[in-house]
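Note that my numbering numbers the sequence shown so that position 42 is 42, with each residue one more than the last.
Just so you know, these hints were derived from the structure itself, not from any lab. Warning: the hint list may mix true and false statements.
Restraint-style ranges between C-beta atoms, simulated for each label pair [as the list claims (entries may be wrong)]:
#: 1; residue 1: A106; residue 2: E56; range: 18 to 24 Å
#: 2; residue 1: R11; residue 2: Y90; range: 36 to 42 Å
#: 3; residue 1: Q41; residue 2: Y90; range: 21 to 27 Å
#: 4; residue 1: M120; residue 2: F55; range: 30 to 36 Å
Beta carbons: idealized from backbone N, C-alpha and C, even for Gly.
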Amino acid sequence: MATSFLTPFLRQRVTAQAAGISIVRNILKREEFPNGFTTKQLYRLAVKEPAPQGFEPYPLAPPTQPAQPKRSSKGKNTRKPVVGGVSDVYPPHPDHPIRSVKFLKAHILPNLEGNLEIKMIRQPKSTAKPAEEVEVQQRRGRGNSSQAHKQSLSGRSSAQATCPTPLAQSRRRSLLERRWALESTLRI
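Let the sequences and hints guide you as you build the complete structure.
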């Protein structure tokens, strides 16, 4: 008597992962990526591939009502309001082995990287403005210097962004001195 301990979700994930890995392998054999590829580029190509015969789709039906914001004990919303009316939790392609970019990143690409078939390089997002544009805004009086400092740091890596500059250290020191002076006057 063989009893299966796999739930429909786990069974579907295992079959989707195996089928998704074969789809990505076929894409990598067929396509040429001289400068590498992004996850979104690979996802767009993978979704165009047909699902294998007999593939069982994602077992949950899409939600019919929008997700209600969940309130914390302090009364604040902990869940962002849903844009478009339907929850973003449901995958965009439930009938395909690679049902979402998140599934591709979490289950398929790490497997291929573990088998040394691909090498994943994480690139930080760069939303920083060019230095010239920040300087022009400062000269015109738009934005304060702390905003410009944050924008100039956002283009750096996380290790560099956490290291304060001498100017930031002196500002922090002066703020701490003012706070200490205020606290000492309140004690008197």
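Going through the hints against the structure:
The hinted window of 18 to 24 Å between A106 and E56 holds, with their beta carbons roughly 20 Å apart. Between R11 and Y90 the beta carbon distance is about 19 Å. The supplied range of 36 to 42 Å is therefore violated. Roughly 23 Å separates the CB atoms of Q41 and Y90, a value that falls within the hinted 21 to 27 Å. In this structure the hint that M120 and F55 lie 30 to 36 Å apart at CB is violated, the actual value being about 26 Å.
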